[in-house]
Amino acid sequence: MAFSALKILKEGFTGNRGWSPHWRDPVLKKEYDIIIIGAGGHGLATAYYLARNHGITNIAVLEKGWIGSGNIGRNTTIIRSNYMLPGNQPFYELSMKLWEGLEQDFNYNAMVSQRGILNLSHSDAQHDAYARRGNAMHLTKSGAVLLDKSGVQKMCPFLDFDNARFPVKGGIWQPRGGSVRHDAVAWGYARGADSRGVDLIQNCEVTGFQIKNGVCFGVETSRGPIKAKKVGMCVAGSSGVLAGKAGMRLPIESHVLQAFVTEGLKPIIPGVITFGAGHFYVSQSDKGGLVFGGDIDGYNSYAQRGNLPVVEDVVEGGMAIMPMIGRARLLRSWGGIMDMSMDGSPFIDKTHIEGLFFNGGWCYGGFKATPASGYCYAHLLATEKPHPVSERMRLDRFKFGGQFDEKGVGAQPNLH
Amino acid sequence: MRINCPLCGERDLVEFHYEGSSKLMARPKDENDMDAFHDYLHIRSNPAGLNNELWSHEYGCRAWLLICRDTNTHKILSIDLARDVKTKGSLD
Chain A
1 MAFSALKILK EGFTGNRGWS PHWRDPVLKK EYDIIIIGAG GHGLATAYYL ARNHGITNIA
61 VLEKGWIGSG NIGRNTTIIR SNYMLPGNQP FYELSMKLWE GLEQDFNYNA MVSQRGILNL
121 SHSDAQHDAY ARRGNAMHLT KSGAVLLDKS GVQKMCPFLD FDNARFPVKG GIWQPRGGSV
181 RHDAVAWGYA RGADSRGVDL IQNCEVTGFQ IKNGVCFGVE TSRGPIKAKK VGMCVAGSSG
241 VLAGKAGMRL PIESHVLQAF VTEGLKPIIP GVITFGAGHF YVSQSDKGGL VFGGDIDGYN
301 SYAQRGNLPV VEDVVEGGMA IMPMIGRARL LRSWGGIMDM SMDGSPFIDK THIEGLFFNG
361 GWCYGGFKAT PASGYCYAHL LATEKPHPVS ERMRLDRFKF GGQFDEKGVG AQPNLH
Chain B
1 MRINCPLCGE RDLVEFHYEG SSKLMARPKD ENDMDAFHDY LHIRSNPAGL NNELWSHEYG
61 CRAWLLICRD TNTHKILSID LARDVKTKGS LD
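These protein sequences, in sequence, are chains A and B. For the first sequence, my numbering assigns the number 1 to the initial residue and increments by one for each residue that follows. For the second sequence, my numbering assigns the number 1 to the initial residue and increments by one for each residue that follows.
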């Protein structure tokens, strides 16, 4: 079933009776070439690109809940490629390029909306640092515009430019940043993988690994053992628990990140705006809700709910740059579990166990990475060689000084 | 989450700073043991369940606290002054 404007029109006139399920409910086989653990955004994207780029379709994606029930279903939907370090920026730029062609590629409306992202600067030093970041972004042709105060004023007249503590001095604007309908990303990748023959197995929890003499040849699940030549972990916040079943410990702590959405308002926020003197970012959904978030709570958690001090901190950040946000009423807030790595950067790598691969450590920035993460993980799983843009995302990088710490704060997850 | 500081009594979470796993109390003895330091600095067992961890009562008495907490529920099971706890090897 292909989507097109004509098809939507036809279905509209004929009572929408011609739509079919977007993916099968396949029978679980005893053996696959590749098993991917976790049918979230990254896992589904990996399966999709394995089938699309590498012609491997004898794949099962195992999911303990339902498709897209993890962080792909509860994030703040921002896409951007405004990093600086060589280990990050080329990767995120690949991701941005994939976002730009994604809907045509998998024939699904993911509502990719490139309304731009604006990082505000509040001091001369920060403005200089943004100039440096912008130059780093130009190296990958990602597009960056350094704005002075009047430039920001034109774009966002509602900001508190003369705030006593954090006056807005300017900002850096990436016009290609924006937001995407997060659930549709999971559904689009799921549908694309399924139509190429990938088995998406829901309600199937991996309970252990079959490992002998340092070689992984399958998994134990709640629906029985399944054999596979290669197994790829891709479970974000639960990485530590899953890797523990293979006897591994990781350079990762799981932390809770809260996000918030207000009641629907008329269009006011032009794209994504971030506060430069604290941690606050906001965008407006198509339904009109202001979607915003800030820091992680800062302690290990699998509870999927946070505490009040961070709620306070986030809304204080919002009030500091746009006092009008104080008039909006909060509709809901939620928490998700982030796989916080020790340098704030992710991993796409082999493990020390042959046939077992790892994708994780996305911290609170995994959503924007979804296409490139799947693309590069598929490359690694198919060829057993890292993709050039993800080759620094090694699991053992802390051993030899290969960490790349975008913020430069050291091996302390709650500072990233 | 509220934390019952042994010196100050029950206080709001906002007064406390989370440092990390209690294994940070067990610094490797041999300064040249790269593997031990790599493990100490970077590798965490990251349990879903009971976690032994170091907190500082930063905006209170500034004491270091060793807290056993359930990461699935945020329930705190025990709180001790870190200085009272003898460290024997890894506490992670």
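Where hints are given, some of them may not hold.
Here are some chain B residues the structure puts well away from chain A; computed CB gaps all over 10 Å [said to hold, decoys possible]:
no.: 1; residue: Asn4
no.: 2; residue: Lys29
no.: 3; residue: Asn32
no.: 4; residue: Leu41
no.: 5; residue: Ala82
no.: 6; residue: Val85
Once the Cα atoms are required to be at most 35 Å apart in a straight line, the calculated DSBU-like pairs of lysine-lysine come out as [as the list claims (entries may be wrong)]:
no.: 7; chain 1: B; residue 1: Lys29; chain 2: A; residue 2: Lys350
no.: 8; chain 1: A; residue 1: Lys266; chain 2: A; residue 2: Lys350
no.: 9; chain 1: A; residue 1: Lys266; chain 2: A; residue 2: Lys29
no.: 10; chain 1: A; residue 1: Lys407; chain 2: B; residue 2: Lys75
no.: 11; chain 1: B; residue 1: Lys29; chain 2: A; residue 2: Lys407
no.: 12; chain 1: A; residue 1: Lys97; chain 2: A; residue 2: Lys10
no.: 13; chain 1: A; residue 1: Lys227; chain 2: A; residue 2: Lys212
no.: 14; chain 1: B; residue 1: Lys29; chain 2: A; residue 2: Lys399
no.: 15; chain 1: A; residue 1: Lys212; chain 2: A; residue 2: Lys29
no.: 16; chain 1: B; residue 1: Lys75; chain 2: A; residue 2: Lys245
no.: 17; chain 1: B; residue 1: Lys75; chain 2: A; residue 2: Lys227
no.: 18; chain 1: A; residue 1: Lys169; chain 2: A; residue 2: Lys266
Facing chain A, from chain B, some residues (calculated, C-beta under 7 Å) [to be verified]:
no.: 19; residue: Met1
no.: 20; residue: Arg2
no.: 21; residue: Tyr18
no.: 22; residue: Ala48
no.: 23; residue: Asn52
no.: 24; residue: Ser56
no.: 25; residue: His57
no.: 26; residue: His74
no.: 27; residue: Ser78
Rather than coming from a laboratory, the hints here were simulated on the basis of the structure. Glycine included, C-beta positions come from ideal geometry on N, C-alpha and C.
Now the hints, each set against the structure:
no.: 1; hint: Asn4; in the structure: 15 Å, holds
no.: 2; hint: Lys29; in the structure: 20 Å, holds
no.: 3; hint: Asn32; in the structure: 15 Å, holds
no.: 4; hint: Leu41; in the structure: 5 Å, violated
no.: 5; hint: Ala82; in the structure: 16 Å, holds
no.: 6; hint: Val85; in the structure: 19 Å, holds
no.: 7; hint: Lys29/B with Lys350/A; in the structure: 31 Å, holds
no.: 8; hint: Lys266/A with Lys350/A; in the structure: 48 Å, violated
no.: 9; hint: Lys266/A with Lys29/A; in the structure: 50 Å, violated
no.: 10; hint: Lys407/A with Lys75/B; in the structure: 31 Å, holds
no.: 11; hint: Lys29/B with Lys407/A; in the structure: 30 Å, holds
no.: 12; hint: Lys97/A with Lys10/A; in the structure: 32 Å, holds
no.: 13; hint: Lys227/A with Lys212/A; in the structure: 13 Å, holds
no.: 14; hint: Lys29/B with Lys399/A; in the structure: 18 Å, holds
no.: 15; hint: Lys212/A with Lys29/A; in the structure: 22 Å, holds
no.: 16; hint: Lys75/B with Lys245/A; in the structure: 24 Å, holds
no.: 17; hint: Lys75/B with Lys227/A; in the structure: 39 Å, violated
no.: 18; hint: Lys169/A with Lys266/A; in the structure: 27 Å, holds
no.: 19; hint: Met1; in the structure: 5 Å, holds
no.: 20; hint: Arg2; in the structure: 9 Å, violated
no.: 21; hint: Tyr18; in the structure: 4 Å, holds
no.: 22; hint: Ala48; in the structure: 4 Å, holds
no.: 23; hint: Asn52; in the structure: 10 Å, violated
no.: 24; hint: Ser56; in the structure: 12 Å, violated
no.: 25; hint: His57; in the structure: 14 Å, violated
no.: 26; hint: His74; in the structure: 5 Å, holds
no.: 27; hint: Ser78; in the structure: 16 Å, violated
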